[in-house]
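There are 2 protein chains.
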Amino acid sequence: MKQKISIGLFGFGTVGQSVYKVLSGVKNANARISRICVRDLTKSRAVAVDPAIITDNPDDIFADPEINLIVEVVDDAAASYRIVTMALRRGVPVVSGSKAMIARHLPELIALQREHGAALLYDASSCGSIPVIRNLEEYYDNDLLLEVKGILNGSSNYILSRVFDHNEGYDVALDKAQKLGFAESDPSFDLSGMDSLFKLVIITVHAVGVYVDPDQVFTYGISTIHDADIRYAREKGVKIKLVAQVAKIDEERFTMFVMPEFVSPSKYIYSVDNEYNGVVIRGECYDRQFMFGKGAGGLPTASSILSDVMARSYGYRYEYKKMSYIDLPRYCNDVLLRVYVHYDTTDIPELLPFECVHEQFISKESKYIIGDIRLSVLMESRDLLSANDVFVANIPLSFIDLDD
Amino acid sequence: MKQKISIGLFGFGTVGQSVYKVLSGVKNANARISRICVRDLTKSRAVAVDPAIITDNPDDIFADPEINLIVEVVDDAAASYRIVTMALRRGVPVVSGSKAMIARHLPELIALQREHGAALLYDASSCGSIPVIRNLEEYYDNDLLLEVKGILNGSSNYILSRVFDHNEGYDVALDKAQKLGFAESDPSFDLSGMDSLFKLVIITVHAVGVYVDPDQVFTYGISTIHDADIRYAREKGVKIKLVAQVAKIDEERFTMFVMPEFVSPSKYIYSVDNEYNGVVIRGECYDRQFMFGKGAGGLPTASSILSDVMARSYGYRYEYKKMSYIDLPRYCNDVLLRVYVHYDTTDIPELLPFECVHEQFISKESKYIIGDIRLSVLMESRDLLSANDVFVANIPLSFIDLDD
Chain R
0 MKQKISIGLF
10 GFGTVGQSVY
20 KVLSGVKNAN
30 ARISRICVRD
40 LTKSRAVAVD
50 PAIITDNPDD
60 IFADPEINLI
70 VEVVDDAAAS
80 YRIVTMALRR
90 GVPVVSGSKA
100 MIARHLPELI
110 ALQREHGAAL
120 LYDASSCGSI
130 PVIRNLEEYY
140 DNDLLLEVKG
150 ILNGSSNYIL
160 SRVFDHNEGY
170 DVALDKAQKL
180 GFAESDPSFD
190 LSGMDSLFKL
200 VIITVHAVGV
210 YVDPDQVFTY
220 GISTIHDADI
230 RYAREKGVKI
240 KLVAQVAKID
250 EERFTMFVMP
260 EFVSPSKYIY
270 SVDNEYNGVV
280 IRGECYDRQF
290 MFGKGAGGLP
300 TASSILSDVM
310 ARSYGYRYEY
320 KKMSYIDLPR
330 YCNDVLLRVY
340 VHYDTTDIPE
350 LLPFECVHEQ
360 FISKESKYII
370 GDIRLSVLME
380 SRDLLSANDV
390 FVANIPLSFI
400 DLDD
Chain U
0 MKQKISIGLF
10 GFGTVGQSVY
20 KVLSGVKNAN
30 ARISRICVRD
40 LTKSRAVAVD
50 PAIITDNPDD
60 IFADPEINLI
70 VEVVDDAAAS
80 YRIVTMALRR
90 GVPVVSGSKA
100 MIARHLPELI
110 ALQREHGAAL
120 LYDASSCGSI
130 PVIRNLEEYY
140 DNDLLLEVKG
150 ILNGSSNYIL
160 SRVFDHNEGY
170 DVALDKAQKL
180 GFAESDPSFD
190 LSGMDSLFKL
200 VIITVHAVGV
210 YVDPDQVFTY
220 GISTIHDADI
230 RYAREKGVKI
240 KLVAQVAKID
250 EERFTMFVMP
260 EFVSPSKYIY
270 SVDNEYNGVV
280 IRGECYDRQF
290 MFGKGAGGLP
300 TASSILSDVM
310 ARSYGYRYEY
320 KKMSYIDLPR
330 YCNDVLLRVY
340 VHYDTTDIPE
350 LLPFECVHEQ
360 FISKESKYII
370 GDIRLSVLME
380 SRDLLSANDV
390 FVANIPLSFI
400 DLDD
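If you read the protein sequences in the order shown, they are chains R and U. If you count the first sequence from 1, position 324 lands on 323 in numbering that gives the first Met the number 0, and the numbers rise without skipping. If you count the second sequence from 1, position 348 lands on 347 in numbering that gives the first Met the number 0, and the numbers rise without skipping.
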């Protein structure tokens, strides 16, 4: 039943070295790393490895008939795409943690898996050590599921935690996140919401059965946050969190977006602090379930990769069950959201066609407006907003359905 | 790939009716209930069902060649045992929610599954809607796992919540729990910790790979709680929760027990209130993961049964992977715990051989002692303690290892 796993590992940075360490320490893994491919052979690394198994030539892995699993943790989406597609085309299963690459290419990667009969597992790509993908695929594999919502990015959450709970400045907190290794090599990837977006796109495939192109999804990050916004949130007794969500509107439609949100203390995600991730899964019978764990860092990611490696030893693959369901809902962003918009440039309110304005505040230091606006309008205005250093936060309500 | 499921349902009480309702409402389940076996045909039921599919003769289900899955939610361990073993012997897979029966008979049920090639799934038996068993079996299927600890019983937790957060009397809270349908038909099953124990025994098989007879595990419930204990906990800023845990002591040994615990606000389970369950999974690389959801009630249990039914349509079965691991740890209760012991009968301190006493308090209204005691000693003294209306609560520490 159980197959012996011989791994070709691509990438030997923080995550790659953690994978090596974890696999070496696990007695019953039945898997070993037999080859490691790196970009730069001369780079010194903290983890000591037999130099004979290290190579800079991918073919040393692809041509090795002993290797029956490729684990890919390179920090470069283009290289990751080449490795994963080449492996699948050769019928070799792959475990990958490259959310950006997977989110961009998932339809093709699903087709390749089917065509060549090779599996691609990527639970590490979403929420580090929390088994979100596997649970959505296997356990919440029915149409009772209504919503998946959560904090999917550890480094932006770490920064917001430092700011809210420790009164640190945004820049100080960002610096710390990078020093602790929570932030990606390019922090704008975390702060702009892109990292959360890619995870959300992957989650949506396994939650709803529909692939949505990342470019079609409204995504707004935290880098335009101002002290005034933090003060405002504190006065209201809420925290600002970067939240990603996909939710059914009705039987026919679902919506999704990534943006800062005012989170009140009664919500599960309110207590998700520091580099932790937390995901709420809402369904028709079980109400809300909450999963919480470390979402960033080498070891948590490595433990998730280990789970995928072990799953391969039993021949596990994603079936993408929901994609074959009848009457799949369609993606829609024609819903109303209530948002808080902080701006400096005075013409922002005229440029943003609110359906209804609830509050408007103007002082010398700070200007904000709270109103209902279509998600599709926010989507069109995104570049304008970020170019003008505007901060936007969702004030969660039930979605206001425009078809009614 | 996907098999059409025709279900024979045993039991049509709260859970059985919820299973029927949920399955009727799910478009893509690919499963339907074709026969329902009840004990009493004349009993009136809230959910309307075609009378032609209802029977009181189990053979109508066992002899039906169309039925390829038995779902068993009867509220009677002996009947449940007969149904499950008969189904497995005939090679028919079963989904069961009967924790007491499963915890008592798991070794035999595993042997029957292997012998007859039929699967038994029982995720609903532990923590209602939280997929604990499936995740321990599939995702935490490696020896990184160090501990599983949680609130596994919804009704005792509901009662403690009402007492702590709403200042209600214990009896008022118990009455409410029963009216809301959270408590088992015999509430002593919940309050004595037996329900948590049975779940813990099942969890331990999937967490550690070892079956431990329920009778070998120290289990102490909440029914001896006094107002003085509640006051004491409030003064210390902690809550009393009924906690079940299994934890590795070292590579060779693990321990497990169920007892009330003083839970401080920094712990994840502190915020698990009302009928909710919460489980913390601690591991070597991912630190702590927390899963939280509804642990009691017809619909949450039914949604869990639905997940097992769907899993059967893909041929899923538990492999009991960890049971085949080399060097399995052995169960051991020779560890020291720090406990709070509230008593009325004055000779309790002499009867309990504490290794070390940290605090002793005596007043006219209340007497308690805090000290370190071996789990094995608590186990031997259990009947004496409960006969004397003694309340015992764990004050969590790292286990003090007696072999050192």
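Incorrect hints may have been included.
As the list makes no split between identical chains, a pair holds if one copy fits it or if it spans any two.
[As the list claims (entries may be wrong)] Derived pair list, reagent style DMTMM-like, types lysine to aspartate or glutamate, alpha-carbon separation capped at 25 Å: (1) K235 to E364; (2) K363 to E107; (3) K26 to D286; (4) K366 to E65; (5) K366 to D382; (6) K363 to E349; (7) K20 to E146; (8) K247 to D174; (9) K175 to D39; (10) K320 to D49.
No wet-lab data here; the hints were simulated from the structure. Given the structure is predicted, the values throughout are model-derived calculations rather than measurements.
*State whether the alpha carbon distance between K320 and D49 is at most 25 Å within one copy, between copies, both, or neither.*
neither (42 Å within a copy, 31 Å between copies)
*Using 25 Å as the alpha carbon limit, work out where K247 and D174 are close: within a copy, between copies, both or neither.*
neither (38 Å within a copy, 38 Å between copies)
_Homomeric proximity label, K20 with E146: Cα distance no greater than 25 Å_ = between (36 Å within a copy, 21 Å between copies)
*Copy assignment of K366 with D382, given that the CA separation must stay at most 25 Å*: Cα proximity of K366 and D382: one copy only (20 Å, versus 68 Å across).
*asked:* For K175 and D39, with the copy left unspecified, which applies at a CA distance of at most 25 Å: within, between, both, or neither?
replied: neither (27 Å within a copy, 66 Å between copies)
*Up to 25 Å between alpha-carbons, please classify K26 paired with D286: within, between, both or neither.*
between (39 Å within a copy, 19 Å between copies)
*Alpha-carbon proximity context of K235 and E364, limit 25 Å*: Within one copy only: 18 Å inside a chain, 44 Å across chains, cut-off 25 Å.
*Is it within a copy, between copies, both, or neither that the alpha carbon of K363 lies no farther than 25 Å from that of E107?*
Neither. Shortest intra-copy (52 Å) and inter-copy (76 Å) distances fail the 25 Å Cα cut-off.
*Homomeric proximity label, K363 with E349: Cα distance no greater than 25 Å*: within (19 Å within a copy, 73 Å between copies)
*Within, between, both or neither, where K366 and E65 count as close if Cα-Cα is 25 Å or less*: Neither: 64 Å inside a copy, 68 Å across copies.
Hint violations for this structure: numbers 2, 4, 8, 9 and 10, all remaining hints satisfied.
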